[in-house]
Amino acid sequence: MKQISLHILDIAENSVRAGASQIIVILEMDKTSDTLRLEITDNGSGMEKETIDRITDPFFTTRTTRKVGLGLPLLKHHAETTGGSLLLESFPGKGTRVVAMFGLNHVDRQPVGDVAGVLVNLAISSPEIDFILDAKSDKGDYHFSSRETASFFEGVPLSSPEVAEALKEMISENLKEIDIV
Amino acid sequence: MTKIKTLDDLRKLRDQLKTDITIRESAEHPDSVVQVRVAMSTCGISAGAKTVMDFFIAELKKRQVKSVVAQTGCMGYCYAEPTVEVRLPGQEPIVFGHVDTRKADEIIESYILNHRLVDGIIPVNYKLVENDNRRI
Chain A
1 MKQISLHILD IAENSVRAGA SQIIVILEMD KTSDTLRLEI TDNGSGMEKE
51 TIDRITDPFF TTRTTRKVGL GLPLLKHHAE TTGGSLLLES FPGKGTRVVA
101 MFGLNHVDRQ PVGDVAGVLV NLAISSPEID FILDAKSDKG DYHFSSRETA
151 SFFEGVPLSS PEVAEALKEM ISENLKEIDI V
Chain B
1 MTKIKTLDDL RKLRDQLKTD ITIRESAEHP DSVVQVRVAM STCGISAGAK
51 TVMDFFIAEL KKRQVKSVVA QTGCMGYCYA EPTVEVRLPG QEPIVFGHVD
101 TRKADEIIES YILNHRLVDG IIPVNYKLVE NDNRRI
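Line by line, the protein sequences give chains A and B. According to our numbering, the first sequence holds residues 1 to 181 in order. According to our numbering, the second sequence holds residues 1 to 136 in order.
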């Protein structure tokens with residue numbers, strides 16, 4: 001994983017499999033405390049305590065197609081490398097919250113990467129899910145919701161190449177504006 | 001062109017597309033277009049699946065191939081990531097492994113456009129994950 005955006009893609013994919021109808025991604029850049037906070041919250045199936053206890057064990061997965069599960073262990077590793085941490089909260093039937101704290105100016109902190117592309121691709125692949133992005137920095141904040149956007153387009157699917165391209169541009173321009181790149 | 005920043009900036013595009021898409025959609029059925037699914041789990045993503053997906057989207061649009069490009073989860077072929085499933089209209093899906101942008105270009109050129117198979121196909125007994133009835 002060379003970018004934080006790829007972690008978003010990876011963790012959000014878990015939420016999709018957990019049957020979530022809403023996935024909220026929060027990116028918060030705080031220069032005062034020198035942190036970059038990534039939070040992904042879903043309203044999917046959630047997990048039992050036993051599962052959470054083992055979730056950052058790379059040799060634990062609920063899948064049957066393979067025997068390893070590296071998504072969360074990798075995110076934890078990357079967060080901790082930058083002096084940060086990973087926090088997990090989950091309630092069966094209610095949903096899951098994953099919070100990763102990164103050291104903002106730490107030399108090992110991955111670049112944020114193509115968050116716009118990741119979000120739009122997720123929204124296209126699961127049009128029934130509302131993907132929400134809340135980005136915040138000292139320069140301002142930006143909010144995006146795929147469901148709001150889809151209703152704005154009144155029946156024109158987000159998957160049409162012209163729309164997808166325009167949306168990626170819109171999100172990345174707004175993120176650039178508040179210095180989240 | 002001015003940069004798109006708000007939904008308002010997209011209004012014109014929306015209105016223009018609304019007419020285009022109705023015409024397009026009435027002629028199309030999901031099964032009548034090429035379906036490309038890129039496996040995007042930890043294994044796929046870290047092997048470069050996002051670059052491959054972006055390439056398919058851009059390239060199929062450029063070559064004006066009627067297609068849907070979407071992402072799926074891990075199919076268990078982690079050793080061969082990035083993997084891509086291609087379903088041509090009316091045919092069984094085929095999964096290609098170790099797909100980088102060069103391979104993706106070859107898949108579009110040979111398989112999607114000219115129906116010629118290319119190297120790197122994953123097992124013939126492949127079945128979709130959702131109706132998994134493989135015999136082991």
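These are calculated hints, taken from the structure and not from any lab test. Incorrect hints may appear among the rest.
Stated by the list, open to error - To give an idea of the interface, some chain B residues facing chain A are shown, with a C-beta separation under 8 Å as derived from the structure: (1) K3; (2) L7; (3) L13; (4) M40; (5) I45; (6) S46; (7) K50; (8) D54; (9) R63; (10) G73; (11) A80; (12) S110; (13) Y111; (14) I112.
For each residue, glycine too, the CB sits at the ideal point set by N, CA and C.
To see whether the hints hold, each was checked on the structure:
Interface hint at K3 of chain B: satisfied, since its Cβ lies 5 Å from the closest Cβ of chain A, which is below the 8 Å cut-off. With 8 Å as the threshold, the beta carbon of L7 of chain B comes within range of chain A, its nearest partner Cβ sitting at about 5 Å, so the hint holds. Annotation: L13 of chain B was flagged as interfacial toward chain A, and the flag holds, the nearest CB pair being 6 Å apart, inside 8 Å. Below 8 Å, beta-carbon pairs count as interface contacts, and M40 of chain B has one with chain A at about 6 Å; its hint therefore holds.
Because the closest C-beta pair between I45 of chain B and chain A is about 5 Å apart, less than 8 Å, the hint holds. Interface restraint check: S46 of chain B against chain A, minimum CB-CB distance 5 Å, threshold 8 Å, status holds. Using the Cβ-Cβ criterion of 8 Å, the hint placing K50 of chain B at the interface with chain A is satisfied: the shortest such distance is roughly 6 Å. Residue-level restraint check for D54 of chain B holds (minimum Cβ-Cβ distance to chain A is 7 Å; threshold 8 Å).
Proximity of R63 of chain B to chain A is violated relative to the hint, the smallest CB-CB distance being about 12 Å (cut-off 8 Å). The restraint placing G73 of chain B at the interface with chain A holds, with a minimum CB-CB distance near 6 Å, inside the 8 Å limit. Given hint, A80 of chain B at the interface with chain A, is violated; its Cβ is 12 Å from that chain's nearest Cβ, farther than 8 Å. This hint is violated: S110 of chain B has a C-beta 23 Å from the nearest C-beta of chain A, more than the 8 Å allowed.
Interface hint status for Y111 of chain B: violated, as the beta-carbon distance to the closest one in chain A is roughly 21 Å, over 8 Å. For I112 of chain B, the interface hint is violated, the least distance from its beta-carbon to any beta-carbon of chain A being 16 Å, above 8 Å.
Violated hints for the displayed structure, listed by number in ascending order: 9, 11, 12, 13 and 14.
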